[in-house]
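As you go down the protein sequences, you meet chains A, B, C, D, E and F in turn. Using our numbering, the first residue of the first sequence is number 388, and each one after it goes up by one. Using our numbering, the first residue of the second sequence is number 388, and each one after it goes up by one. Using our numbering, the first residue of the third sequence is number 388, and each one after it goes up by one. Using our numbering, the first residue of the fourth sequence is number 388, and each one after it goes up by one. Using our numbering, the first residue of the fifth sequence is number 388, and each one after it goes up by one. Using our numbering, the first residue of the sixth sequence is number 388, and each one after it goes up by one.
Just so you know, the hints here were simulated from the structure itself, not pulled from any lab data. Quantities reported herein were computed from a predicted structural model and do not represent experimental measurements. Do not take every clue at face value.
In silico DSS-like pairs for lysine-lysine, Cα to Cα no more than 30 Å straight-line [stated by the list, open to error]: (1) B:Lys585 with E:Lys612; (2) B:Lys417 with B:Lys585; (3) D:Lys560 with F:Lys417; (4) E:Lys612 with D:Lys585; (5) C:Lys582 with B:Lys539; (6) B:Lys582 with B:Lys462.
Covered stretches of chain B, as calculated for chain F (at least 3 residues, CB under 8 Å) [unchecked claim]: (7) 554 to 560; (8) 585 to 593.
For each residue, glycine too, the CB sits at the ideal point set by N, CA and C.
6 protein chains.
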Amino acid sequence: MDSTTNVLIVSAHAADFVWRSGGAIAKYVKQGANVHLVILSYGARGESNDLWNIEGQTLENVKAQRKAELEAAAKCLGVTNIEIWDYQDYHMRLDEERMERLVYKIRAVQPHIIITHGPRDAFNPDHEAVSKFVFDASVLSTSNGVRLEGTKTAKQAKIFGFEPHQSEISDFKPDVILDISEVYEQKKAAMECFKAQKHLIQYYGYKAELRGNHARRCSGNNDYKQAEAFSRFFPYVGCEFV
Amino acid sequence: MDSTTNVLIVSAHAADFVWRSGGAIAKYVKQGANVHLVILSYGARGESNDLWNIEGQTLENVKAQRKAELEAAAKCLGVTNIEIWDYQDYHMRLDEERMERLVYKIRAVQPHIIITHGPRDAFNPDHEAVSKFVFDASVLSTSNGVRLEGTKTAKQAKIFGFEPHQSEISDFKPDVILDISEVYEQKKAAMECFKAQKHLIQYYGYKAELRGNHARRCSGNNDYKQAEAFSRFFPYVGCEFV
Amino acid sequence: MDSTTNVLIVSAHAADFVWRSGGAIAKYVKQGANVHLVILSYGARGESNDLWNIEGQTLENVKAQRKAELEAAAKCLGVTNIEIWDYQDYHMRLDEERMERLVYKIRAVQPHIIITHGPRDAFNPDHEAVSKFVFDASVLSTSNGVRLEGTKTAKQAKIFGFEPHQSEISDFKPDVILDISEVYEQKKAAMECFKAQKHLIQYYGYKAELRGNHARRCSGNNDYKQAEAFSRFFPYVGCEFV
Amino acid sequence: MDSTTNVLIVSAHAADFVWRSGGAIAKYVKQGANVHLVILSYGARGESNDLWNIEGQTLENVKAQRKAELEAAAKCLGVTNIEIWDYQDYHMRLDEERMERLVYKIRAVQPHIIITHGPRDAFNPDHEAVSKFVFDASVLSTSNGVRLEGTKTAKQAKIFGFEPHQSEISDFKPDVILDISEVYEQKKAAMECFKAQKHLIQYYGYKAELRGNHARRCSGNNDYKQAEAFSRFFPYVGCEFV
Amino acid sequence: MDSTTNVLIVSAHAADFVWRSGGAIAKYVKQGANVHLVILSYGARGESNDLWNIEGQTLENVKAQRKAELEAAAKCLGVTNIEIWDYQDYHMRLDEERMERLVYKIRAVQPHIIITHGPRDAFNPDHEAVSKFVFDASVLSTSNGVRLEGTKTAKQAKIFGFEPHQSEISDFKPDVILDISEVYEQKKAAMECFKAQKHLIQYYGYKAELRGNHARRCSGNNDYKQAEAFSRFFPYVGCEFV
Amino acid sequence: MDSTTNVLIVSAHAADFVWRSGGAIAKYVKQGANVHLVILSYGARGESNDLWNIEGQTLENVKAQRKAELEAAAKCLGVTNIEIWDYQDYHMRLDEERMERLVYKIRAVQPHIIITHGPRDAFNPDHEAVSKFVFDASVLSTSNGVRLEGTKTAKQAKIFGFEPHQSEISDFKPDVILDISEVYEQKKAAMECFKAQKHLIQYYGYKAELRGNHARRCSGNNDYKQAEAFSRFFPYVGCEFV
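Next up, chain A with everything else stripped away, as it sits in the complex (with noise of 0.2 Å):
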């Protein structure tokens, strides 16, 4: 985690990143990693449920106020490097010619670690087209037969999976446990510009302290305060026991 490892993420609405891997993606950015961030949409028509009660509201306005939000939560964080592709949410579709898009984009990053949604997420049905979305394109990009003008093949990246809303029901297995305790005032600075979701402000606070409580359980560590869960696509490779 230096200045040599390339991060990619990609968020299916607005503010999944920061819920869900705010605490990672503030600690990449500490310890000088390139951390790139693709937003696929402003989740305008699935996730501004608030912002849909004030009366008059039209969906420019809810997208400008997505933006201002998303890119207020993303410096706090300390990203620079964002893209928002505003695709239509709910559903979302998710096409051959966007698959060619994000398979140029992981080819121009190069990411060492790629970090989305997870295969499955009851009541999300995006959530769960963006998960294998990614990943065939995460695939695509790694075989060179698939000749895209002025890119270059990646290696195969880890690819590590959101905790969804509801984990249980949504056959969510933590693989990994990360602690973001030195990182955790700016996660909940991050979290905290969606000022119109009050509710899961909190409930992604309550969560970090669950997980610290698993962390320090599963490993003696008592120094994890707070910490994300997220499950790994594919098994860890390498050269110790980790």
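Got chain A sorted already, so can you dock chains B, C, D, E and F onto it with the hints?
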């Protein structure tokens, strides 16, 4: 993985530790880790078919033969701390007294890493019994209400499960694929100590190559040649994605 | 849920019933149900780490302390029918004699509802043993060939499993999310009786809030504040969709 | 289950709603609930084998026949609100336009309960497609960012999945076993409207008896005679154990 | 399936072999196979509810009744090699001595096929215990280090598991669906020997019809009328696809 | 397995049928079965990495090379009925028109056995898409409401799934282990036609040996040398235990 790392391997029978973790052991020894090996039985009843095919064979002789072989194999891997508990196998009876003995051992070794049988092993009831036995002992060893004269509560070790002989019908999922290229010759030498089991020497040789292929595919690192696979008993906890 | 409803809770250790079903218990007591609590052990060996950190601690003293705490907690919840069977924990040995004792108890109580540990609980072998023990006893209690002097065969109770400490790595699936908003203060008071376990008080406080969030999301009912989750041992049977 | 309860059934083909939920429907109608039935196709291609065995058969005629049968069956069950969307089956193509149509329907009905195909159905790809289609539509219907002229956001309905034809090879787990004894004669009459499918009439008659046996065994209530089984799409949420 | 085929059935209680494999047994007997039946208990405690409802009932009488019934049933199926080991049921205690007895039996029979309880059976702890007991004995019987006077090591038998009473809540997956049409009348006659269990006679009659439907659907062969389902303990091995 | 047996293999890319079922194919051809091979793509984009490493490579040339290799390999196995549909791979788009084409093919071949990709294949989205595509086409082919000029409804074929490259992380369970010892030299020759993929030739050589070991262990038959593993799409149905 250095001289401050304590490793405990618990093997149900005489040769399990070689087929399934010989490479891992050799690596840890090579890096100066403190490696402790507990062998619960000689496998005289369940894993010495070839020896029993010899006319006039006796239990004493089978045990002596297995002892010589396993000590030779351990030597190839560089392990010197070996205990053979000489329990009867097929079925292995693991009562509270034996549990207490293992808790003592864990507290004496204070392992950071425990390597033993994974929870499922088709065709081998002893392996399944030992897996639960070791896990439970590890939990008890961390509880300071389990009062054992002269012992100090252990910190929760990371526990890794061997790949069983028939992986898929034993529900084995590889969580960790460990590169053993640099010590593979040692593992081969260790395997060859079990002269009466030629078919297994070849079998685990092929396995190491297949796992090497997976290691390359999952990581994009073509330096990996041979590998061993393990399951995790609980999630990785740490400060960065690995 | 009224004075014709019999409920039996079986708790492996002194505090399990509070962390995991304190809200459910308080509700049933409040509505006038007949609530019976069996506590199999004081958890002196496995769940009293903090007490054993005190210099010169003795087993008698640990038990006395746990007894005082659990009785205070039960009082907060309004339960008066309590039996403490004082078995050794870590490992809990559950033989045929103890099985018979529980069959007697079930036949005496004639429960409509049994609440106990679910089948899997990572890091806690006692909880898993108790889960099977209670289930088997419940089956035996309904069979009138299991002849026990002075008892009357029970009808098959509905059985609900506690949410374990680390849900996802224990394969826990929430089948029932029970609103405990109206009795949450009682549960909090009960939890606070276990003074030496501050971290768990906070932990289960957060859990109640998260489960409250899930309750709202799954039902669309925003009155739910705190909740507890349980698994079912077998399907719901009834006259309408619930 | 009274006149304030809104129920929506979505059936992939002409007869699915009868075989798999005829009893449930009859019960809800009988108690005065508002029951709405959407039939997505006549099953002309995939579930009308017997009709196509007739020399000179035409698609129009098959549809007419299926229409007559399903209307007769619905009448037996007492349902009067029926819509037939007449999509092609085998394969059923469920695009965004059709999704929007179902969101409209859900918002119009404002169902408390939705009954449709469960997520897995071996040998029937349409049933699996419809299951995801209905679930996603139900999620979209609750999101007020999904703006549809003249509609009002729905509250999250409880969703129940039909038992598929071959339960075990479709990973079906019965979460709810519904007693249908009091309306079983109606279900039988409804099944008999599908004259060309005698083998299914017998088959689902036997199923009802087996599920009745399970209902008695799981509850200890011997009044249950016939029953239907369903899966849940997410946990039960409520104020007491059921 | 001829006079060179040895079959061993191990039944936990008096009637299990009839409900769950009566058709299979009758077929093998009819074709001249050597069929051996071991019945571990009379099921006096767990599966004789109706008998115990008779005033003044005694254990001896229950056993005598069960013995008469099972012998009559075996006769209907044509089995003459029957051993009743008369163990206590509910709970069945299966220690090392009993294990050794079964290893002896397996080595005496040298079965090509073993039929017994599958690994999971909701509501019946004995069935689960017997499943593991038989599997472990089969493994031990093939190991020539397990020295038993006067025995000859067995070859690994194929092992098939009974369909449990409540298939789906017991995780039963049918791997083999066996056509029993030609011997179904014999099975029916055998079932009718258990006069006190009318409800089960009807239940397993319906099951046979449903499994017959599945046999037709999966194979396209309409000659199949009634069938029985079994799980496999390990993969089919052979020279062609079957 | 004789001249009345029709077999259809559907391979996503040029070489899949060789690595994963070359032995099965050679056996069926040798016994005189009618073996038909459909190859959906040349794998030019996803499975021709080595060819693309050559300076100035073109798509036409890659396809020509793959065509020559696969035809040579098919010749080694003795297959003469080959169709190459030349679809684009990585991603393979399988629409209703292509589905209809496969239904035509199945109805023309009237296969008793279909061999294709199993449902899960980590790292290869095309394989998963083809698995569902073939299964759905097989279901449609049996339905006589799916009217296709000049075709005759097929009987339900048995369907077997290839072992994927990384079995365990693809949830592969071997249901069938097929002895290929007598044709192994043919399979080896066929594999060697894919000159640019030396690592796979070695890899699938080792796999065949490991599966041979499993075949011996599961059956006790020591004549088995090399083997291939397959999953089943639905249960075995037949007249005896196999």
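Tested hints:
no.: 1; hint: B:Lys585 with E:Lys612; verdict: violated (50 Å)
no.: 2; hint: B:Lys417 with B:Lys585; verdict: holds (27 Å)
no.: 3; hint: D:Lys560 with F:Lys417; verdict: violated (44 Å)
no.: 4; hint: E:Lys612 with D:Lys585; verdict: holds (15 Å)
no.: 5; hint: C:Lys582 with B:Lys539; verdict: holds (25 Å)
no.: 6; hint: B:Lys582 with B:Lys462; verdict: holds (15 Å)
no.: 7; hint: 554 to 560; verdict: holds (count 5)
no.: 8; hint: 585 to 593; verdict: holds (count 4)
The structure shown violates the earlier hints numbered 1 and 3.
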